[in-house]
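Engineer: The primary structure of each chain is shown beneath.
Protein chains: 2
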Amino acid sequence: MTPQQLAAMIDHTLLRPEATCPQIDRLCAQALDHGFCAVCVNPVYVSQAVRRLTGSPVVVASVAGFPLGANTTAAKIEDARQAIDAGAREIDMVLQLGALIAGEKNRVRDDIAAVAEVVRAASPDHVLKVILETAALSPELIALGCRCCAEAQVDFIKTSSGFHPAGGATEQAVRTLKKLATPIKIKAAGGIGDLKTALSMIEAGADRLGMSASVDVILACEALSSRR
Amino acid sequence: MTPQQLAAMIDHTLLRPEATCPQIDRLCAQALDHGFCAVCVNPVYVSQAVRRLTGSPVVVASVAGFPLGANTTAAKIEDARQAIDAGAREIDMVLQLGALIAGEKNRVRDDIAAVAEVVRAASPDHVLKVILETAALSPELIALGCRCCAEAQVDFIKTSSGFHPAGGATEQAVRTLKKLATPIKIKAAGGIGDLKTALSMIEAGADRLGMSASVDVILACEALSSRR
Numbered sequence: 695m696t697p698q699q700l701a702a703m704i705d706h707t708l709l710r711p712e713a714t715c716p717q718i719d720r721l722c723a724q725a726l727d728h729g730f731c732a733v734c735v736n737p738v739y740v741s742q743a744v745r746r747l748t749g750s751p752v753v754v755a756s757v758a759g760f761p762l763g764a765n766t767t768a769a770k771i772e773d774a775r776q777a778i779d780a781g782a783r784e785i786d787m788v789l790q791l792g793a794l795i796a797g798e799k800n801r802v803r804d805d806i807a808a809v810a811e812v813v814r815a816a817s818p819d820h821v822l823k824v825i826l827e828t829a830a831l832s833p834e835l836i837a838l839g840c841r842c843c844a845e846a847q848v849d850f851i852k853t854s855s856g857f858h859p860a861g862g863a864t865e866q867a868v869r870t871l872k873k874l875a876t877p878i879k880i881k882a883a884g885g886i887g888d889l890k891t892a893l894s895m896i897e898a899g900a901d902r903l904g905m906s907a908s909v910d911v912i913l914a915c916e917a918l919s920s921r922r
Numbered sequence: 695m696t697p698q699q700l701a702a703m704i705d706h707t708l709l710r711p712e713a714t715c716p717q718i719d720r721l722c723a724q725a726l727d728h729g730f731c732a733v734c735v736n737p738v739y740v741s742q743a744v745r746r747l748t749g750s751p752v753v754v755a756s757v758a759g760f761p762l763g764a765n766t767t768a769a770k771i772e773d774a775r776q777a778i779d780a781g782a783r784e785i786d787m788v789l790q791l792g793a794l795i796a797g798e799k800n801r802v803r804d805d806i807a808a809v810a811e812v813v814r815a816a817s818p819d820h821v822l823k824v825i826l827e828t829a830a831l832s833p834e835l836i837a838l839g840c841r842c843c844a845e846a847q848v849d850f851i852k853t854s855s856g857f858h859p860a861g862g863a864t865e866q867a868v869r870t871l872k873k874l875a876t877p878i879k880i881k882a883a884g885g886i887g888d889l890k891t892a893l894s895m896i897e898a899g900a901d902r903l904g905m906s907a908s909v910d911v912i913l914a915c916e917a918l919s920s921r922r
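Same order as they appear, the protein sequences are chains D and C.
The first sequence runs 695 to 922 under the numbering used here.
The second sequence runs 695 to 922 under the numbering used here.
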C-alpha cells in the first residue's frame, strides 16, 4: 500500500472539545498536504473547514449526536442538516446505545433512518456513517446494531466514537462488522495511533480510518516506502 | 447536615450513553425515595422522567451540547427547547471550550446567552447551568468563563461534564468558582463518589452536587446521623 493509497482512506480527525480555530486551520492544511480523504470536525467548525477546503478533493465530515448518541432524533437531524447546509459531505452519527442495549430495535433503526433521510436528500454523494461503540457491546448487540444500519441503508458503520471509556477500534471488531454488515463499508476509529495498527485495521477489512495521528502515520508509511 | 438537607442539594444523575429505560425508571424511583433535588438525564429520556416525577417535588434536568459543547448554538437551543417542551425544568449546557481557550469571549458569551434566553423565556423557575470543564482550564480561562456566564446571567456554573479525561470537580475548582462567580450558584459534578467528597464540595462552596453515587452517599449520611 502506497502512502497515497493509505492517505486516501483516512478521515483526519480533530474532535477534542478544546480544539481551537487555528488548530482546525492546521488540520485542513495537513489534509491538503497529505491527500487525506476528509477532515472530521465538530459542528461548530464545519463552516471554517469548508472555507479552507473548497475546490480541493478533501471533503468535510462532521458529527451528529456525538459522542453519546443520547439526544433526540430531532436534535441529531438538526446537527446533520446544519452541517450539510454549511458544506459538510459526510455525517458521523452515534446511534442510541441505550435503546440498542435494551433491545429496542425499531427505536434504534428509526433514529438512524431519520438522519439517513436528511443525508440522502442532500445528494447521492453525501455519506452517512453510524457509530456503534463496539467496545461497549456484546457480539449479539453488535449484530443487532448492524441489522438496524442495514435496514436504514447507511453507507458506513463506524466502530467507535473515540470517546468511550471502554475503548476504540479493535481488529476483532472490524472483522465482525465486515462479516455482518457487507456491503455497508466499515470505518475503524478510536485509538489508531500508529502505522502498524492502521494497516492491521485495513487488513481486517476497514474501508476508512478515523485518526488524529494521521500525519505521523503517513510519515511512517512514506519512510517505509522509501526504504523499499 | 441532615440526610434530607444533603439530598435536597443533589442532582441524581445518569448520563452514561448505555443507560436504558428501566434504569431511568429506577433513577426516578430513587429520587422520590430519597428526596433528591432533581434527576439529570440525557435528552432522549426527558419525557420518561417527567412522566415518572410529575406531581412530585423532584424536577427533571437535562443537558444541551453535551458533553463536548462543540456543536452549534442552534443545536444547543434545539436541545434546550425540546427538553423544556418535554417538561425539563433545568438545563445543563456545555460552553464552547475551544472558543474559550482561544480567548474568543464574545463567541462563548453569545452561545451561552442564546440558550439562557430560551430557558428564561420558559419561566422564572427554569434554571440554566453552564458547564466549564474546569479540570481542562487554567485559572485565567476559568475566570474568563465566569465572566461570560455572568454577562449571560446564568443561574449556575458547573465544574465539569463528568466525561472529560482531565477529570471532574475538585475542592479547589469549587472554591475558585465561588470566589469569582457569586452570586451565580455553583454545581460540583464529576467524580464525587463518596460522602466525604460530597461534604468537602459543599464546604468549598457548592450549592448543588451532580452525582451518580447519590444513593450510596445518602445511605452513608443516614448511617452517620443515626450513630450520633
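Don't read these hints as lab results, they were simulated from the structure.
One should not assume that every hint holds.
Output of the computed footprint for chain C on chain D, the stretches with three or more beta carbons under 8 Å from beta carbons of chain C [as the list claims (entries may be wrong)]:
hint: 1; segment: 733 to 746
hint: 2; segment: 763 to 771
hint: 3; segment: 787 to 796
hint: 4; segment: 901 to 913
Straight-line Cα separation of at most 25 Å, SDA-like style, residue types lysine to any residue; simulated pairs [what the hints assert, rightly or not]:
hint: 5; chain 1: D; residue 1: Lys-872; chain 2: C; residue 2: Lys-799
hint: 6; chain 1: C; residue 1: Lys-799; chain 2: D; residue 2: Gln-717
hint: 7; chain 1: C; residue 1: Lys-799; chain 2: D; residue 2: Arg-710
hint: 8; chain 1: C; residue 1: Lys-799; chain 2: D; residue 2: Cys-715
hint: 9; chain 1: C; residue 1: Lys-799; chain 2: D; residue 2: Gln-742
hint: 10; chain 1: D; residue 1: Lys-890; chain 2: D; residue 2: Gln-699
hint: 11; chain 1: D; residue 1: Lys-799; chain 2: C; residue 2: Gln-742
Virtual Cβ for every residue (Gly too), placed ideally from N, Cα, C.
Engineer: Given the hinted pair C/Lys-799 and D/Gln-717, is their Cα-Cα distance within 25 Å?
Structural biologist: At roughly 18 Å apart (the allowed maximum being 25 Å), D/Gln-717 and C/Lys-799 satisfy the hint.
Engineer: If you draw a straight line from the CA of C/Lys-799 to the CA of D/Cys-715, is it 25 Å or shorter?
Structural biologist: The given pair, whose Cα atoms are some 14 Å apart, holds under the 25 Å limit.
Engineer: Can you confirm whether chain C covers the segment 763 to 771 of chain D, using C-beta to C-beta distances below 8 Å and requiring at least three such residues?
Structural biologist: holds (count 6)
Engineer: Keeping to a limit of 25 Å between CA atoms, is the pair of C/Lys-799 and D/Arg-710 held or broken?
Structural biologist: Holds - the C-alpha atoms of D/Arg-710 and C/Lys-799 are around 19 Å apart, at most 25 Å.
Engineer: Could you grab the alpha-carbon distance between D/Lys-890 and D/Gln-699 and see if it respects the 25 Å cut-off?
Structural biologist: holds, 15 Å
Engineer: Is the coverage entry for the segment 901 to 913 of chain D by chain C consistent with the three-residue Cβ rule at 8 Å?
Structural biologist: violated (count 0)
Engineer: Tell me if the straight-line CA distance from C/Lys-799 to D/Gln-742 falls inside 25 Å.
Structural biologist: holds, 18 Å
Engineer: Take the C-alpha atoms of D/Lys-872 and C/Lys-799, compute the straight-line distance between them, and say whether it is at most 25 Å.
Structural biologist: Outside the cut-off at roughly 46 Å; violated.
Engineer: Counting residues of the segment 733 to 746 of chain D with a beta carbon closer than 8 Å to any beta carbon of chain C, are there 3 or more?
Structural biologist: holds (count 4)
Engineer: Measure nothing beyond the straight line between the CA atoms of D/Lys-799 and C/Gln-742; if it is 25 Å or shorter, mark the hint as holding.
Structural biologist: Cα-Cα ~18 Å, so holds.
Engineer: Three residues or more, CB to CB closer than 8 Å: is that satisfied between the segment 787 to 796 of chain D and chain C?
Structural biologist: That given contact holds, which follows from 7 residues of the segment 787 to 796 of chain D lying within Cβ reach (below 8 Å) of chain C.
Of the hints listed earlier, those the structure fails to meet are numbers 4, 5, in rising order.
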